[in-house]
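Here are the chains, one letter per residue:
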Amino acid sequence: MARPSPSGLVDVVDLILDKGLVIDAYVRVSLVGIELLTIDVRVVVASVDTYLRFAEAVNRLDLKQDPEKGLPDLIQDMQEGGAKKKTTGALEGVGDTVGNMIDRVRGHGDDEDDDLTDEDEDEDEEDQEDEEDEQEEVEEEPARRPARRRAPAQRKRRER
Amino acid sequence: MNSAIPRQTGEQDPACYVYGVVSDSAPEPAAAQGVGDPPAPVVLVRHRGVAALVSEVDPTAALGSPADLRAHANVLDTVAQHAPTLPFRFGGVVRDVQAVTDELLDPFGDTFAAALEDLGDRAQFAVRGEYRQGAVLQEILAARPDIAKLNEQTKELSEEAGHYQRVQLGEMVAREMAARQQEDTSALIERLAPLTAAASANGVSADLAVDAAFLVDSGRRREFEAAVEELAHDWAGRIDLRLLGPLAPYDFVADLIEQAGGGP
Chain A
1 MARPSPSGLV DVVDLILDKG LVIDAYVRVS LVGIELLTID VRVVVASVDT YLRFAEAVNR
61 LDLKQDPEKG LPDLIQDMQE GGAKKKTTGA LEGVGDTVGN MIDRVRGHGD DEDDDLTDED
121 EDEDEEDQED EEDEQEEVEE EPARRPARRR APAQRKRRER
Chain B
161 MNSAIPRQTG EQDPACYVYG VVSDSAPEPA AAQGVGDPPA PVVLVRHRGV AALVSEVDPT
221 AALGSPADLR AHANVLDTVA QHAPTLPFRF GGVVRDVQAV TDELLDPFGD TFAAALEDLG
281 DRAQFAVRGE YRQGAVLQEI LAARPDIAKL NEQTKELSEE AGHYQRVQLG EMVAREMAAR
341 QQEDTSALIE RLAPLTAAAS ANGVSADLAV DAAFLVDSGR RREFEAAVEE LAHDWAGRID
401 LRLLGPLAPY DFVADLIEQA GGGP
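Residue numbers (my numbering), protein chains in the order written: chain A, 1 to 160; chain B, 161 to 424.
Derived by calculation from the structure, the hints in this document are not laboratory data. Each residue gets a CB set at the ideal place from its N, CA and C atoms; glycine is no exception. Be a bit skeptical, because a hint or two may be false.
Said to hold, decoys possible - Here are a few chain A residues that face chain B, going by a calculated C-beta distance under 7 Å: (1) 4; (2) 36; (3) 37; (4) 47.
Put together the whole structure using the sequences plus the hints.
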């Protein structure tokens with residue numbers, strides 16, 4: 001089992017975004033509204049396109065072969081990551097692991113400060129998340145799409 | 161630090177980024193690098209038995225770079241290894257140190273202290289797993305003859321002729337996977353929750369098979385970790401499990417405050 005350090009961006013985002021005590025609720029008078037460029041965590045749209053990807057994946061599945069064969073590149077990445085991630089017992093994960101995971105999720109190799117806020121899609125992922133029952137997507141493109149959100153810190157954000 | 165000199169409020173003065181609250185006996189997070197560019201050192205603002213973890217931040221600069229997000233988590237997770245920690249949500253900024261004392265620690269200090277005591281030496285662990293897509297698709301085909309049949313049918317159809325059937329096939333597979341995510345997450349919780357003080361399943365997202373958080377007593381940590389290892393072994397080839405932690409109790413802090421009977 002993998003014990004990666006949670007410095008992997010995807011894990012960090014999942015862990016901290018929209019979690020924790022909301023300071024707005026405690027501090028009102030002296031709150032500084034700072035522009036937050038946060039990351040759209042779970043934009044997953046159940047679409048025809050998504051379904052077609054599933055259909056393609058299952059169509060390509062050859063039952064006589066190894067389960068992993070004949071699937072999109074995603075799988076290859078997962079296998080590679082899986083092999084490297086056997087860091088049983090170590091609290092701090094291997095640096096590779098973080099990179100691999102980001103590669104897989106983001107679709108390319110740079111896990112540092114790249115483009116996370118550079119896309120100009122204005123999406124309100126919270127609403128989308130609520131509206132969409134279907135949350136399935138098989139693709140190597142980012143499932144977590146960067147979005148630029150201009151949210152002043154004092155905006156009352158919805159509790160989970 | 162409650163004797164800190166109040167700053168003038170002006171455009172140029174640094175504001176105060178708040179990471180979380182600890183007991184005032186917690187050690188200074190000397191090595192921790194805060195948010196912002198360049199990152200400012202993280203210090204404790206102590207008042208009435210509790211202390212806020214803060215760092216100076218430029219109020220005119222936007223926050224939210226990958227480095228900022230990592231810094232926020234890193235500060236909290238690092239401190240949480242040594243002392244009970246109540247994490248605040250990313251992005252909380254107040255005017256100055258004086259305001260942290262006057263508006264946060266003074267009115268809510270008792271609540272924070274009670275929540276910290278309840279938290280004790282527990283830490284959060286996150287367990288996440290991803291499906292081996294091939295394996296789970298095979299499972300679905302084996303379990304659902306209707307899907308397997310539709311799969312065979314659509315293979316033989318041209319892209320145009322089979323469009324509708326393929327959408328239908330994909331939707332059925334997607335639903336079946338969602339059902340498996342729920343089942344597997346329930347199984348995960350059922351197996352691990354008895355070893356923990358609290359458990360919380362996160363909403364299943366697209367690419368995760370399972371995603372749950374647990375609040376674990378330090379005395380049961382080994383037992384918990386062994387159970388996760390065992391589960392990872394049982395799911396080998398099907399779900400790749402990852403264990404993150406110990407972490408600050410991001411998923412449990414709201415409940416802790418509520419139980420402490422306070423809060424705003």
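I'd like to know which numbered hints this structure contradicts. Please list them from smallest to largest. Violated: hint 4 alone.
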